[in-house]
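Engineer: Chains L and Y, in that order, are what the protein sequence lines are.
Going by our numbering, 1043 is the number at position 242 of the first sequence; the sequence numbering is gapless.
Going by our numbering, 11 is the number at position 3 of the second sequence; the sequence numbering is gapless.
Some hints here could point you the wrong way.
What the hints assert, rightly or not - Chain L residues, not near chain Y, derived (Cβ > 10 angstroms throughout):
hint, residue
1, 814
2, 815
3, 829
4, 847
5, 864
6, 878
7, 955
Said to hold, decoys possible - The calculated DSSO-like cross-link candidates involving lysine-lysine, where the alpha carbons are at most 27 angstroms apart (straight line), are:
hint, chain 1, residue 1, chain 2, residue 2
8, L, 810, Y, 53
9, L, 987, L, 1002
10, L, 810, Y, 50
11, Y, 96, L, 810
12, L, 810, L, 852
These are calculated hints, taken from the structure and not from any lab test.
Being a predicted model, the structure only gives us computed values, none of them experimental.
All residues carry an ideal CB built from backbone N, CA and C; glycine is no exception.
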Amino acid sequence: MNILDRELKPWLHGVVSVLLGFCVLWSMITFPELHFTFVDGVNSILYYPEKPAIELRNILKYSSNWVLERASLQERVTELEHTNRALSEEMQRSGIKIFVPKEGNVAAKVMLRYPDDWWHEFRIDKGRKDGIKEGAAVTSEGFLIGRVVRAGQNYAWVQMITSSSFLIAAAVDETRDLGVINGDDKGNLTLLYIPEERRLKNGMGISTSLMGKHVPPGIPIGRIIGVKESKDGFQSIRIQAGAHLTQLYSVEVYSGGDNIK
Amino acid sequence: MIYLASVWLLQDFVQVFLMGFFIVPNVFLMLLLLMSLLPGTKREKQIFLIWAAFAGGLIWDFRWTNLPGMTAALDAGSVAAACFIWHKIPAQGRSVTFFAFILIASVVFSGVAHFTLWTVSSQVALRQFFVQQLLGVPLVIIFSLIYWKVSDRNV
């Protein structure tokens, strides 16, 4: 009878639930795969009920930004058109055959970005069904911001360039010096393995080098803002990302590299 | 049950809508506290509400936080602690003011725990925390008024 009475005490259930909560926390930290399975499961279930709220949010957000963005995008399109024309002319003069690329970008919205993993990864609302593949380059405003690390049917996780585990080959646009871009989990970017004798100037552009079929060369990453340190004959260069990494609402995922639908 | 599910979904929709701007106050926890501390609430129902807090918190964790189990433990612990304190004080002391105090203490405790454990401390995170707490003030007033109305009817 005494035990039965105890079982009906709310505080006892409170203690058990708190302990269970910590057990769940421990098991999710110990088994990250299990954590991702649950996170993706819950997110998939909530995707449809949340859809109206997401759409309403995007309508308000994009309509407020439309006027501001339009001017800068127009400027960028004009600049790209000029570059494209100049390149085409140069290729024609050199007798190089111009081909039409069969690749494209998939626009996706950022659905989840954990504050404690702010500079590490985020989740987008497009997945394998939309042609997204693991390893694909992810850009924002034309600048590289990361790479797809896991892709489900309707979602994908993007590892950001600011993540300390992110490494990608990159080249200095003006000098063609090759190095490796690496993050520090704090929002900073570094270009590693540049020989000490190389004198790189602030403002020089950095873009991707040939990395693999899902990350094409030439995607701009950012600009040089200074030298960090020199060690063992190599210098580390501080890079400022070209994209606004704190304001990522929508991104583009490179879907080229091989035949897609 | 329908109320709880509706309020949880409402909180989730508002969070989706305001994602990146600020964090929504824990309305779900406020409703659980209201339902568990209303006069005439039986122990069995309080126990159900503790586990509802755990389930709601756990789903919230899988959707929004990177520490699954933390909100579940915090919410369930808060409801259980509130029920424990509520029963320990004499019936005359169970006023609307004390209810508001419990509500504020729980919401602030939950907010502080999230702020310290979940976010990377920065000015933006601190601002989000203060906005969350400020938005909680009118909700505390609304829930206290509901408590006052319902408990007044039961007297």
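Engineer: Now look at each hint and say whether the structure bears it out.
Structural biologist: Okay, the hints, checked on the actual structure:
no.: 1; hint: 814; result: violated, 5 angstroms
no.: 2; hint: 815; result: violated, 2 angstroms
no.: 3; hint: 829; result: violated, 5 angstroms
no.: 4; hint: 847; result: violated, 6 angstroms
no.: 5; hint: 864; result: holds, 14 angstroms
no.: 6; hint: 878; result: holds, 27 angstroms
no.: 7; hint: 955; result: holds, 15 angstroms
no.: 8; hint: L:810 to Y:53; result: holds, 11 angstroms
no.: 9; hint: L:987 to L:1002; result: holds, 24 angstroms
no.: 10; hint: L:810 to Y:50; result: holds, 11 angstroms
no.: 11; hint: Y:96 to L:810; result: holds, 13 angstroms
no.: 12; hint: L:810 to L:852; result: violated, 41 angstroms
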